[in-house]
Amino acid sequence: MRLSPDEIIFWQYGFLKLNATIVFTWALMLVLVVGAFLVTRKLSRDLSRSRWQNLLEILVTGIEKQIAEVGLREARSYLGFLGTLFLFVAAASLATIIPGYEPPTGSLSTTTALALCVLVAVPFFGIADQGLGGYLKSYMEPTFMMLPFNIISEVSRTLALAVRLFGNMMSGAMIIAILLTITPFFFPILMTALGLLTGLVQAYIFSILAAVYIAAATQTRTPKAAPKP
Amino acid sequence: MLIDWFTVGAQVINFLVLVWLLKRFLYRPILDAIDAREQRIAAELADADAKRAEAKQERETFQHKNQAFDAQRAALLAQATDAAKTERARLLDEARHAADALRAKRQEALRQEAEQLNQALLSRTQREVFAIARKTLTDLAGVSLEERLVAVFIERLEAMNGEARDVFGQALETTTEPVRVRSALALPVAQREAIQAALNRRFDAEVSVRFESGPDLIGGIDLSANGQRIGWNLADYLKSLEQGVDELLRTKDQPGAASKPAASGLDDPTP
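Just so you know, the sequences run in chain order A and B. Note that full-length UniProt numbering has the first sequence beginning at 1, numbered continuously upward. Note that full-length UniProt numbering has the second sequence beginning at 1, numbered continuously upward.
Incorrect hints may have been included.
[Claimed, not checked] Examples of chain A residues toward chain B, derived with CB under 10 angstroms: (1) Leu28; (2) Ala113; (3) Cys117; (4) Tyr135; (5) Leu147; (6) Ile151; (7) Ile152; (8) Ser153; (9) Val155; (10) Ser156; (11) Arg157; (12) Ala160; (13) Ala216.
Read the hints as simulated data drawn from the structure, not as lab findings. Positions of the beta carbon are idealized from the N, C-alpha and C atoms, including for glycine.
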């Protein structure tokens with residue numbers, strides 16, 4: 001049984017290979033970027049605007065508001081990273097209604113890559129906000145004895161991010177595959193609908209957790225209670 | 001092995017490229033558009049606020065001006081009314097004065113006319129009475145008027161009662177001046193003697209007499225001594241006649257003079 005779209009390899013040349021994960025990722029990127037380009041190509045700055053523009057504005061301002069609610073002061077500077085996380089994971093989940101599609105987030109390699117990006121982004125934004133000393137000092141809060149625990153926490157939460165998303169997406173695809181063999185037609189449709197819901201929830205959780213980690217690294221002075229998944 | 005490290009690296013790169021692309025094509029233009037719209041709305045709201053404030057201010061200014069205008073109009077109206085009242089009072093006064101002057105003038109003219117008429121009547125009456133008396137006396141008695149006058153004078157002298165006679169007698173005794181007998185015409189000698197004889201007889205003394213003539217007596221004889229006077233002449237009659245005529249005219253004048261200005265309508269003008 002196939003657990004990951006990594007295993008579908010279209011082309012390989014030694015170390016280099018082109019598997020389904022990368023191909024579907026590219027396809028998603030293409031759809032997202034071209035869609036955004038087509039809408040934003042003729043943006044209206046007046047009071048009346050197109051429906052697509054309205055949709056994108058709701059999306060962007062909604063993400064911005066969510067980031068601000070987590071407690072990040074300058075929501076716009078994190079919008080690129082956190083918003084793209086959400087949009088990519090959500091689009092990967094929503095596209096599962098297309099037959100023959102394999103979500104790239106169902107590959108542990110993709111989720112690991114995203115978790116690694118978060119792992120790097122947290123100190124990056126933390127240092128940008130507090131400076132190197134201020135950020136490193138936050139590892140010794142409340143006392144220096146907490147340093148190893150803080151480091152373990154940093155690594156383990158990255159692993160948790162990757163495995164949580166992978167597990168959810170992979171399990172969704174796998175349940176549908178199993179159900180298809182047992183009870184075709186009805187249950188797979190139900191589970192696909194459920195999979196869409198869990199996919200969106202996972203996208204929300206992933207990006208909100210990333211936001212909370214970044215907020216914890218940047219907002220140590222006035223931390224705000226963050227929602228836990 | 002579930003993790004393919006080449007795929008991980010490729011996905012990291014893919015993700016970073018996606019971040020950049022979406023920033024470029026999605027977030028920035030959308031946020032710019034939203035910001036521009038918000039700025040525009042804010043500007044329009046501010047503009048509306050400014051216009052509202054301006055309108056309010058203009059309305060207040062207009063109201064102030066209106067009030068000032070009303071007050072000014074009322075003041076001007078009051079001033080004009082006062083002026084009209086003053087002018088009306090002045091014109092009424094003037095008219096009243098003019099009416100008074102006219103009435104006085106007319107009364108004066110009337111009075112002068114009456115006086116002239118009176119004078120003419122008097123002189124005419126004098127002449128007529130004199131002429132009639134003379135003619136009558138001449139016709140009836142066949143003697144001259146003077147003779148008859150002397151006769152009447154002597155009759156009166158004779159008929160003088162006790163008290164008057166005593167007073168006159170005392171006057172004659174106390175004076176050294178001669179008794180003055182005046183007549184309208186110079187008396188003939190016979191009549192002078194008759195008067196002398198009558199005086200001597202009446203007062204039982206030799207009375208010295210000085211005869212004088214004065215046309216103002218018209219007719220008749222007048223005797224005066226030491227402030228006492230006895231006489232009978234036409235001038236006295238005429239004087240009493242004149243007084244009677246005067247009184248008659250005055251009583252006729254007064255109701256006429258009072259009614260005429262009232263009839264002119266100027267006495268009580270009503271606006």
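Status of the hint placing Ala113(A) at chain B (closest C-beta pair under 10 angstroms)
Holds: closest Cβ of chain B sits about 4 angstroms from Ala113(A), inside 10 angstroms.
Does Ile152(A) meet its interface restraint, that is, does its C-beta lie within less than 10 angstroms of any C-beta in chain B?
Violated: closest Cβ of chain B sits about 20 angstroms from Ile152(A), beyond 10 angstroms.
Interface hint compliance - Ser153(A) to chain B, C-beta minimum distance less than 10 angstroms
violated (22 angstroms)
Less than 10 angstroms between beta-carbons is the criterion; does Ala216(A) satisfy it with respect to chain B?
With Cβ-Cβ at 21 angstroms, over 10 angstroms, it is violated.
Does the CB of Val155(A) sit less than 10 angstroms away from some CB of chain B?
violated (15 angstroms)
Can the hint on Ile151(A) be confirmed by a CB-to-CB distance to chain B that is less than 10 angstroms?
violated (22 angstroms)
How about Arg157(A): closest beta carbon in chain B under 10 angstroms, or not?
violated (18 angstroms)
Holds or violated: is there a CB of chain B closer than 10 angstroms to the CB of Ser156(A)?
violated (17 angstroms)
With 10 angstroms as the cut and Cβ atoms as the points, is Leu28(A) at the interface with chain B?
holds (8 angstroms)
Let me know if the C-beta of Tyr135(A) comes in closer than 10 angstroms to any C-beta of chain B, holds or violated.
With Cβ-Cβ at 22 angstroms, over 10 angstroms, it is violated.
Was the hint right that Cys117(A) lines chain B, CB cutoff 10 angstroms?
Result: holds, 6 angstroms to nearest chain B Cβ.
Would the hint on Ala160(A) be counted as holding, given a Cβ-Cβ threshold of 10 angstroms to chain B?
violated (15 angstroms)
Violation of the numbered hints given earlier is confined to hints 4, 5, 6, 7, 8, 9, 10, 11, 12, 13; the remaining hints are satisfied by the structure.
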